[in-house]
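Enquirer: Each chain is listed here by its residues.
Number of protein chains: 2
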Amino acid sequence: MHRIPVWSPPLTRFFHALLVVLCVGALPAHAQLVAPAGGACSTPVERWDYLELELKGPTAGNPFTDVALHARFTDGTTTVETPGFYDGEGVYRIRFMPPRPGRWTYETFANRWELTGKLGEFTVTPASEGNHGPVRVRATYHFAHEDGTPFKPVGTTIYSWLDAPEDWQELTLRTLASSPFNKARMLVTPQQNRFRDTFAPPRWPYEGTPPRDWDLARFNPDFFRHHERRLLQLRALGIEADLILFHPYGKAWGLDTLTPAQDERYLRYIVARFSALRNVWWSLANEHDFIRTKTDADWDRLFQIVRDADPYGHLRSIHNGKLIYNHTHPWVTHASIQHQAAPRTPAAAQLFRDVYRKPVVYDEVEYEGDFTARWGRLSPEEMVHRFWCGTVAGTYVSHGDIYKTPEKDAWISFGGELGGTSAPRLAFLRRILEEGPRDGLDPVDKWWDPDTAGVGGRHYLVYFGHDTPREWAFRLFRAGVADGQRYRVEIIDTWAMTITPVAGEFVTKRQDNYHYREAAGRAVALPGRAGMALRITRLDEAPAAPPARQPED
Amino acid sequence: MHRIPVWSPPLTRFFHALLVVLCVGALPAHAQLVAPAGGACSTPVERWDYLELELKGPTAGNPFTDVALHARFTDGTTTVETPGFYDGEGVYRIRFMPPRPGRWTYETFANRWELTGKLGEFTVTPASEGNHGPVRVRATYHFAHEDGTPFKPVGTTIYSWLDAPEDWQELTLRTLASSPFNKARMLVTPQQNRFRDTFAPPRWPYEGTPPRDWDLARFNPDFFRHHERRLLQLRALGIEADLILFHPYGKAWGLDTLTPAQDERYLRYIVARFSALRNVWWSLANEHDFIRTKTDADWDRLFQIVRDADPYGHLRSIHNGKLIYNHTHPWVTHASIQHQAAPRTPAAAQLFRDVYRKPVVYDEVEYEGDFTARWGRLSPEEMVHRFWCGTVAGTYVSHGDIYKTPEKDAWISFGGELGGTSAPRLAFLRRILEEGPRDGLDPVDKWWDPDTAGVGGRHYLVYFGHDTPREWAFRLFRAGVADGQRYRVEIIDTWAMTITPVAGEFVTKRQDNYHYREAAGRAVALPGRAGMALRITRLDEAPAAPPARQPED
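Keeping their order, the protein sequence lines are chains Z and D.
Counting in the working numbering, the first sequence runs from 44 upward without gaps.
Counting in the working numbering, the second sequence runs from 44 upward without gaps.
Treat the hints as calculated values from the structure; they're not laboratory data.
Ideal Cβ positions, reconstructed from N, Cα and C, are used throughout, including at glycine.
Treat the hints with care, as some may be off.
What the hints assert, rightly or not - Subject to a maximum C-alpha distance of 20 Å in a straight line, what follows is the list of computed DMTMM-like cross-link-like pairs (lysine to aspartate or glutamate):
hint : chain 1 : residue 1 : chain 2 : residue 2
1    : Z       : K365      : D       : D339
2    : D       : K365      : Z       : D492
3    : D       : K401      : Z       : D339
4    : Z       : K447      : Z       : D413
5    : Z       : K294      : Z       : E250
6    : D       : K401      : Z       : D332
7    : D       : K365      : Z       : D332
8    : Z       : K489      : D       : D332
9    : Z       : K451      : Z       : D413
10   : Z       : K401      : D       : D339
11   : Z       : K294      : Z       : E209
12   : Z       : K99       : Z       : E150
13   : Z       : K489      : D       : E330
14   : Z       : K401      : D       : D332
Said to hold, decoys possible - Selected chain D positions facing chain Z (Cβ under 10 Å, derived; list incomplete):
hint : residue
15   : H372
16   : R400
17   : K447
Isolated chain Z (complex conformation) (with noise of 0.2 Å):
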């Protein structure tokens, strides 16, 4: 059984020692875990840690194919079954991340006589401090951990740190640890990748070398272990790891050649092995339509079978090329975007979320870079205000940098050093995030007034962009207004990173059947430059109740 304590509170994090506490009894590391009937582990476990059998199993034919386990835990009100998987030498692994505290049994059932039949019971403690349980779906459009703690995605990209050489990987997690990232996204296997000869990957997902000396029967669970290693670092650092399950960047070793049987068993070792991990989250591909040997179906099918075979319902997405995959679908739990034209205004960035009824969460908006494609051309400034529209259109945003030299490859691959300067601008963000309303930024006057998120009332982010104005004419929409209310309002500047209280109160007074104005009708005076915005919040006691239905115009 594995403990790993996490306490990192948001901007502060730094790095945990990895407690490991094996549930062993009276039994010998190494040996069969599990309890006998009625045998209980003697160190607790926490709630959304994760719990692990290890049990002594067959090592004939091969495991991997031909042995099915897994167990059933249950506390008398929840039950669920989590998969069982092969680790090699003859050692088989149940993990178990708990829902709830208390009093939990388990059994295992498998087809082999050593590895059914097995009972034993534990104690789930509470969650300790920074341990907030999975993020899930909140407010439609929104995140939020699943004891209701917000979770306000600043994603990062980070292709393949995990098949860098080692101390480039320990660079990168210092790297993250005083960055304000809190996802990342990353490939499961390795891509190809013209840096190979410095970035050789030490491991690989199979038995053998690609492609001829694969055994695409049998994984290599070092390279698993590799991982788990390296996402628990990051679940200690509060960092979601949104895992690429599918990429079209490893032709040359048949990754995007593996027959429908082989993708399964594939998906099926990955849930058994990760999913007990918190913070893991599910992207099923990275540019999906690239990889021109599937089809939608193809998607369709795989998203399924991550669904059905994950007994915690990690949030689940897939990532385009040029042709989105349909988002609508029920197994989709939030929109993962490429796009380079939505995200640069709050106006084109908004229409996602109408159609998915979903987060929407822009993973490539191009990147911060000086790189010769075009998509990765983007200035500081310009991926600062992807952000900024991304925020103010109610949706998130995710953060590349790819600053090559003839040495190293960028961020975006093998991790290392930012080499953009957006970063300091997006924890200032992040801060501004989560200051804000806890369920979210939403459109306060969808489709007219694209440029001002919040909730109608109570809270206003308003973004200039690009425009350089000298003077904001104080304004607010019908819904939550009324006479007489007072607000403050705050100057940011997005770039400078300051946040300057505008001195007064600003009270409000009905102008038409749309708009409130202030009472004496004061505006704001701004400095002219771009990358500028308003924070607006009700001083006086805003409702209980969250403000009625937008009204039909």
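Given chain Z, put chain D in place with the hints provided.
Expert: For chain D alone, kept in the frame of chain Z given last:
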């Protein structure tokens, strides 16, 4: 049997008298029109026109609910089953729109002896000039008639013209005849309206008067006969009738609180009556989400009723208020969208294409007018701008016109005459659409250059919108382009309706990995006004094959 010869070339339509030829054989008119087994109609029917079987049947009980009637038509290869309907006074009808010329036979089926087992045969002749068949989806994002003739929608909105006073309806038809509009959205059932003193509904869809003296189990055939007459007149004008089956504007009459069985009966009656008219489109609702008595699941069900009942597969969509329906459902043929934000820029307007992979029609983009509500205040210039945004985005736009006076309601309500001045500019745009690529305009460099549409290497339309450039440096995206291609450039003034050729040819020369410039560095001088566009056409022969799939970036 009705035969309505129609000839309506685009933009030069005029009224045709309706020539109605009944297939009476040797039987007296209004007697049973079905020929005995082996009998034949003496007058052939034209492909995509319709044949009507008239049968005398029972009047006892409630024929609308008690009698089930349909016919099976076949030419030996294709079999079409079409529903019949009760038309009052003991008369039952079955209509059939033949999909192919040739010799056809039929047999009727009913749960009444008088109506079942009737056999006959008849001849279908090729379509006459101007009859291109029903409109279908073409090339994923576009439309064409069944004979392959492109259909480029330039729609308008005349919600309640079908229950305006008769002379007003005639006025509407005259306005339409001289307008650019080839599609009109209209409600089937009446809407409440403050001008109802002037424009009282002359007929009701059910027997009696609403809401208390209605018999919702008995339709009023006269109501539907009147609609059919008008729909045939639209057909003669080459105008597609986008029929809105439900709407939220008849609360006082109980139109939004029918039972599911009543809704279904209503839909089946409409489909049985109207589906043989080739110019019918089904719009399940206007502002569907404002009908608070129906859920998305209800709409799913109603869509499927229409799809399954309609033998001809007429186009189907649904129009939203604030919440967009899931147009990815397979029963939706195209996305009919109300949106105030998307059609303001091509960049935003194009986004729905990728989501739905279907034609996108912005059926409401606010209305041209001087109304008090903010959705009815577009300037004519802005209406034209939105059409151009939609066009360059590879989508389609519909027009609405709301200039009210104290005496009369506006075009969008009861038709009559147009108050605005966008229509000639929309005629000009329609001409440009029809001179453009046969399948339609698509973004050439999706997401990166949303202001350019066309077919790479062949034909381009570049729209500058509200920008007022004085020069455009010739530049084409690489798709379909190679060095040394020769192009003609024309300057389009979308408001003044002028097309001005630029002297000389433009020859391509590769600039970088993405773009081609003019070999001699030529630029196009522009007048510095808003609303300008360019049309760029290949002069040397383009290859027969379409350009390759757009390369990955």
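Enquirer: Does each hint fit the structure? Answer for all of them.
Expert: Hint check results:
{"no.": "1", "hint": "K365/Z with D339/D", "verdict": "29 Å, violated"}
{"no.": "2", "hint": "K365/D with D492/Z", "verdict": "14 Å, holds"}
{"no.": "3", "hint": "K401/D with D339/Z", "verdict": "16 Å, holds"}
{"no.": "4", "hint": "K447/Z with D413/Z", "verdict": "8 Å, holds"}
{"no.": "5", "hint": "K294/Z with E250/Z", "verdict": "18 Å, holds"}
{"no.": "6", "hint": "K401/D with D332/Z", "verdict": "18 Å, holds"}
{"no.": "7", "hint": "K365/D with D332/Z", "verdict": "31 Å, violated"}
{"no.": "8", "hint": "K489/Z with D332/D", "verdict": "15 Å, holds"}
{"no.": "9", "hint": "K451/Z with D413/Z", "verdict": "14 Å, holds"}
{"no.": "10", "hint": "K401/Z with D339/D", "verdict": "16 Å, holds"}
{"no.": "11", "hint": "K294/Z with E209/Z", "verdict": "25 Å, violated"}
{"no.": "12", "hint": "K99/Z with E150/Z", "verdict": "15 Å, holds"}
{"no.": "13", "hint": "K489/Z with E330/D", "verdict": "16 Å, holds"}
{"no.": "14", "hint": "K401/Z with D332/D", "verdict": "18 Å, holds"}
{"no.": "15", "hint": "H372", "verdict": "8 Å, holds"}
{"no.": "16", "hint": "R400", "verdict": "8 Å, holds"}
{"no.": "17", "hint": "K447", "verdict": "16 Å, violated"}
Comparing the model with each earlier hint shows violations of hints 1, 7, 11, 17; every other hint is respected.
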